[in-house]
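In order, the protein sequences belong to chains U and F. Residues in the first sequence are numbered from 2 upward in steps of one, following the numbering used here. Residues in the second sequence are numbered from 2 upward in steps of one, following the numbering used here.
It is worth saying that the hints were derived from the structure and are not from the lab. Please read all numbers here as calculations on a predicted model, not as lab measurements. Treat the hints with care, as some may be off.
[To be verified] Once the Cα atoms are required to be at most 25 Å apart in a straight line, the calculated SDA-like pairs of lysine to any residue come out as: (1) 76/U to 107/F; (2) 278/U to 60/F; (3) 55/F to 30/F.
Number of protein chains: 2
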Amino acid sequence: MATLKRFTKESLQILLNDIYQKYGFSKGDSQQITEILLKADMTGIPSHGVQRLKYYDGKIKSGQIRVDKQAEIIKETPISAILDGQSAMGHLVGKAAMDLAIQKAQQAGVGIVTVRNSNHYGIAGYYAELASKAGLIGLSLTNSRAIMVPTNASQPFLGTNPIAFGMAGVEDSFLFDAATTTVSYGKVQVYEKRGIDHPETWTLSDYDPSFTSNKQALAPLGGFKEASGSHKGFGLGLVVELLTGILSQGGTSDQISENGGICHFFLAIDPKLFGDKEAIEKSLDAYLQRLRDADRLDAEIPIYVPGDKEKLAKKANERQGIPVDDVTIAEIQAIAQDFDIDFPTPI
Amino acid sequence: MATLKRFTKESLQILLNDIYQKYGFSKGDSQQITEILLKADMTGIPSHGVQRLKYYDGKIKSGQIRVDKQAEIIKETPISAILDGQSAMGHLVGKAAMDLAIQKAQQAGVGIVTVRNSNHYGIAGYYAELASKAGLIGLSLTNSRAIMVPTNASQPFLGTNPIAFGMAGVEDSFLFDAATTTVSYGKVQVYEKRGIDHPETWTLSDYDPSFTSNKQALAPLGGFKEASGSHKGFGLGLVVELLTGILSQGGTSDQISENGGICHFFLAIDPKLFGDKEAIEKSLDAYLQRLRDADRLDAEIPIYVPGDKEKLAKKANERQGIPVDDVTIAEIQAIAQDFDIDFPTPI
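Next up, chain U with everything else stripped away, as it sits in the complex:
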């Protein structure tokens, strides 16, 4: 079991802002990247937080992530746009693209933005929530390097291809964000870094002992058997693939190489197209509360609406600080040391 140390959000903000500015990003861009990374850690999704710093570090230093580039609009209508990410940092590309989708939805009712030639953009839910915080319905999809094994296949072919969807009520909110694999590889990594066993079929090596060497061959949501719904998780991953890699003409997960080429899809819809916005939002609030109040299998275990656990984690981490495992600490310390940046003291 790995040791976890806790840091104040502010101390990690300073650290990450400094590191990203040393790479050559502007102060504003560094703050934006930091915001998305720490949002993941704060909301209990460490797989997509600071533990990815070493991964991004390698890609920035190798030039796969281009510090000097930003997304460019290739084609645009009042309701749509396609962007070339120009191999810029995925978080910056994603933010620019969803902002554009939101702007279009606010003016025309709907905004659809596809993106090619981007990089890993962190938590898909961040972008969906940008829309829901603006009073819209938000959808955020991305492909990634091949890691999901299709039903009946013996090789990874799709990415984890997450689906994130956000919608807010007047007082309550819904934020779904999940890979179409049973778990993300980030989760497998966190379990390995923290030395915890997992009980279910997450990888091909869990399912078929002849594939023991490859932990990077993930089961679709629904596992590897059709009777448990393997083809459904696989099919949902394909839907993401078609809306990202195919529709943006940027390339599918099986074509994404160490040189990048990740594609995204963003959709924002204004609910007022369909009726009174406040009435819709109030009915969402009421629905989510009815759902939480449903009968439970175990009285001690709540029924969580997507987003609830993240809100609870945020409250806890605001109080206690952000937990970081010691493998990740060592990785970030090495990056900071290279730049002669002080590493913060744990709480």
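For this one, chain U is given, so just place chain F on it according to the hints.
Just chain F now, kept in the frame of chain U:
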């Protein structure tokens, strides 16, 4: 094990057209309903085909499905519409709504149509395929009476809430259509009617022996445990619920009663918003073929692209006739007899 008899498509067409006209539907509407029902049987989805006739029969006779009504537009923009289904037959409401979404997408690039006060509309994929056959990307969602048990809950609260997505290439095509439960209740029914055991956790009674009496409490895709992704299937079902029941202001699955109130969501997108349509279609063809050519776990078992099995079933059923189990045959015979309609002879 139930006996299956096979019928020509033509003989079932005549039978269903006659039955639906006897209920009072026009000839055109009867043909439309028949087309959607037989499409399900032809493509190997008997859960949504003629085995549902008795279910619809009860609802037509009780007045839950209104023969004399049709969907009405409540509010419309060039890119959107909201319809009141007026408790008409769901298949007719769904067809009208997706046709409207397609028309808007052909003119404005995108069409989003939400529907309230409808009824069960058959296979969700039929409507997604209407869009893909028109050269568009199609999405079709519906809620239904509560039957999915949320993660940690002990009562059904969501519908099976399927997601259907269609996109066509130049020569190939993709059609995904799946409940966000591990299986649809129609599938549980077909297994029961045909007397076949199933090996996996499909219902709450499979998971927890204290719920033996209720077969109508289905597992989300991912089962009942978070480690196998239960919360993901549950969350996807909620996404469907929000886009159908909440956005249309028609009511969520937990509110759908014997008096109806099913809600749908349809989206059509013209790929040409994002680039050269033919290039996108060709890259889809190439991608689907690469996918089928991926390495297999078992050389004898192909990698099926969503839609492939349906195409194979259609070819087989065109040759051999449509299989119908004897329980369903007896049910339809009783309906036909009431109307003094001849029942066709099996092949």
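Cross-check of the supplied hints:
For a cut-off of 25 Å, the pair hint linking residue 76/U to residue 107/F stands: about 18 Å separates their Cα positions. At roughly 33 Å between alpha-carbon atoms, residue 278/U and residue 60/F are farther apart than 25 Å, so this suggested pair is violated. Between the alpha carbons of residue 55/F and residue 30/F the distance comes to roughly 18 Å, so the proposed pair stays at or under 25 Å and holds.
The earlier numbered hint that this structure contradicts is number 2, and it is the only one.
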